[in-house]
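K.L.:
Here is how the chains run, residue by residue.
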Amino acid sequence: MLTPLFSSKLLIVLFFGTLFGLILGVLPGLGPTTGGALILPFTMTLDPLSAIVLLTSIYCAGTYGGAITAVLINTPGTPAAAATCLDGYPLAQKGEAGRALGMATVSSTVGGIFSVIILVFFAPLLAKLAYEFGQPEYFALAIFGLTMLSSIGEGSPIKNLIAGAFGILISTIGKDFMTSIDRFTYGINELSVGIGFIPVVVGLFAISEMLTQSTLLDQVFKRVALKAVKLPTKDDYKKTWKTILRSSGIGSFIGVLPAEGGTVASLIGYSEAKRFSKNPEEFGKGSIEGIAGAEAANNAATGGAMVPTLALGIPGSATTAVILTGLIIHGVRPGPDLFREQPDFLYGIFGAMLIANVLFFIFGFFGAKVFARITLVPNKILWPMIFAVSVCGTYSLSQSIIDVWIMLFFGVLGFFMRRFGFSVVPVIIGLILGELVEGTLRQSLVIFDGNWLMFLTRPIALTFFILSLIALAFPLLRSKKQKK
Amino acid sequence: MNNVRNKKRANKSLPFFFKDEFKVSFIIVFISIILLISTFSFDIVPPILNRGIQPATFPKALLILIISLTLIIYYLSIKNPWKMGKKLPKTFFLTLLSFLIFVIISKALDFFLAISVLSIFVSYNWGERRIFYLLLVSIIFPILVFIFFETILGLRFPPGIITNLYYY
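Sequence lines, in order, name chains A and B.
First residue of the first sequence: 0, per numbering that gives the first Met the number 0; consecutive thereafter.
First residue of the second sequence: 0, per numbering that gives the first Met the number 0; consecutive thereafter.
This is chain A alone, in the form it adopts within the complex (with noise of 0.2 angstroms):
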């Protein structure tokens, strides 16, 4: 599995890589969406392989640095590190944090391992199921994935279906790509191409966290002191062991679930973490299980969240729409022939997101006060910073002035989407599933002769149908069990 890693660029790679994730990770407001976006063009100098890998190692590094602010300053980093705030900070007031931050770098390690286990035994199983999959199978398996960011993302989950809906809307601007007959182009030549990834996933997270920054100026951080980062003792290991593995598989079938990845699955880890603790009390106060049960979950998510991005061409979070993107712009085809064609590309990205987690194990042991004070850097001097990276960046995809308008665009809309409880991961997974739903329904009603029943005839189909189904009825099945 390791052995396409064994060259001193992809080392490199993956060393920098996880080392810039981690920093993502730490600075609020960042995180590795924003990060792999934002690194996105620069990949374009690199091979497939190793632009993967950077990603990929952003991904794993940047989803554990959000619990080191988390701990030290209470505000997560990532907004799958928010679960850990709730133990991590007080467990650090305490004069703790070296031991909480401890056992978050530990279990964020071993559910990141673990996850690259259930990576590497189910993409390959998930990637042969999938050539039993025609047109009208994988309509019902988008629409699957659809509906399930409104059961399981954080929210509402109307609002989440409106912004998956307004996603899919974004992917039909441009050319038909079966007609070629435009639509929402209104005379601009530009917008005949439809509208990019890269200025969508700019503009929705980093110029609208610029502006959200902007009304934060007055928030002041109280840092909490850090030594050392300590191992956990015997005793923490004995009360976490079991959180740790629960959290881990909780993470990984979260992550295989298009949905807001981490951020949930650290919800629930964390929840279920309480729910099976022997003291239920302690948590909120400080609790060793609940900064685990987060972070176990949390960085579970992160392999769990390439099964589907790897083997169907389906993202399992945010973050994976951009490594997604990534893959596609580097012209690798994700999905099953991608297994049969290419075994040493995924061995490599399978070794990378390995090798990634044991990296920020070493980072974040020895370093995270460093990265700590990464924090200090004020944001009336990052954020312009941020925004000159944005801008160039979006402008060097196609090297058009329009794709900067467009992020600016969709900074201000995003902004406003959060701030009236509209999530912006819809939008992201709506766009890249936008062709795929709509081709694959048209292609799907051609081989039908336009019967839509005769979606029901097929059996793959019809359950993912069913699934869709569930994934709709649960927010309210759960709304009214809270109720009762």
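Only true hints are included.
Below, a list of computed lysine-lysine pairs in the DSS-like style, where the Cα atoms sit at most 27 angstroms apart:
#, chain 1, residue 1, chain 2, residue 2
1, A, Lys93, A, Lys241
2, A, Lys93, A, Lys368
3, B, Lys86, B, Lys22
4, B, Lys82, B, Lys18
5, A, Lys229, A, Lys93
6, B, Lys106, A, Lys174
7, A, Lys233, A, Lys368
8, B, Lys82, A, Lys479
9, A, Lys174, B, Lys59
10, A, Lys93, A, Lys226
11, A, Lys479, B, Lys78
12, A, Lys284, A, Lys238
FYI, nobody ran anything at the bench for these hints, they're computed from the structure.
Bear in mind the structure is a predicted one, so any value in this text is a computation, not a measurement.
Chain A is already provided as a structure; the job is to place chain B on it using the hints.
P.N.:
Frame of chain A, contents of chain B only:
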């Protein structure tokens, strides 16, 4: 909890057209209707070329779905009002204004001049007063970015009064 309750109560006391729920739903529905109307102007493909459905059918279905879901969230918000966000500070509007200035300068004068102007404008309005840091974000960093993209990625930036000095 009390804060959330107070905010909800405050939101409830407003006339319906001032509430966030109404404003947001209205804007979504309004824009969706305009887009829906524009789909009727899409070219219609003759049956021989038409694969499955007309090019306008899919966007139409999506827009109808968005309108329907928006009406549902508005209906639900009558029973369960949204939390009211904090009033946006002056710095937000200044940052927004800086985007507008960026668009104008990048179109009319120069792409990199626009980045520099935005950087210094944002940094200053966000509270930075130290000359070195203002120069760092507005001149030194954009130059480094320019050199990096130009030499490593081989990118050619759009012509402008400053960029032309480098190219010609």
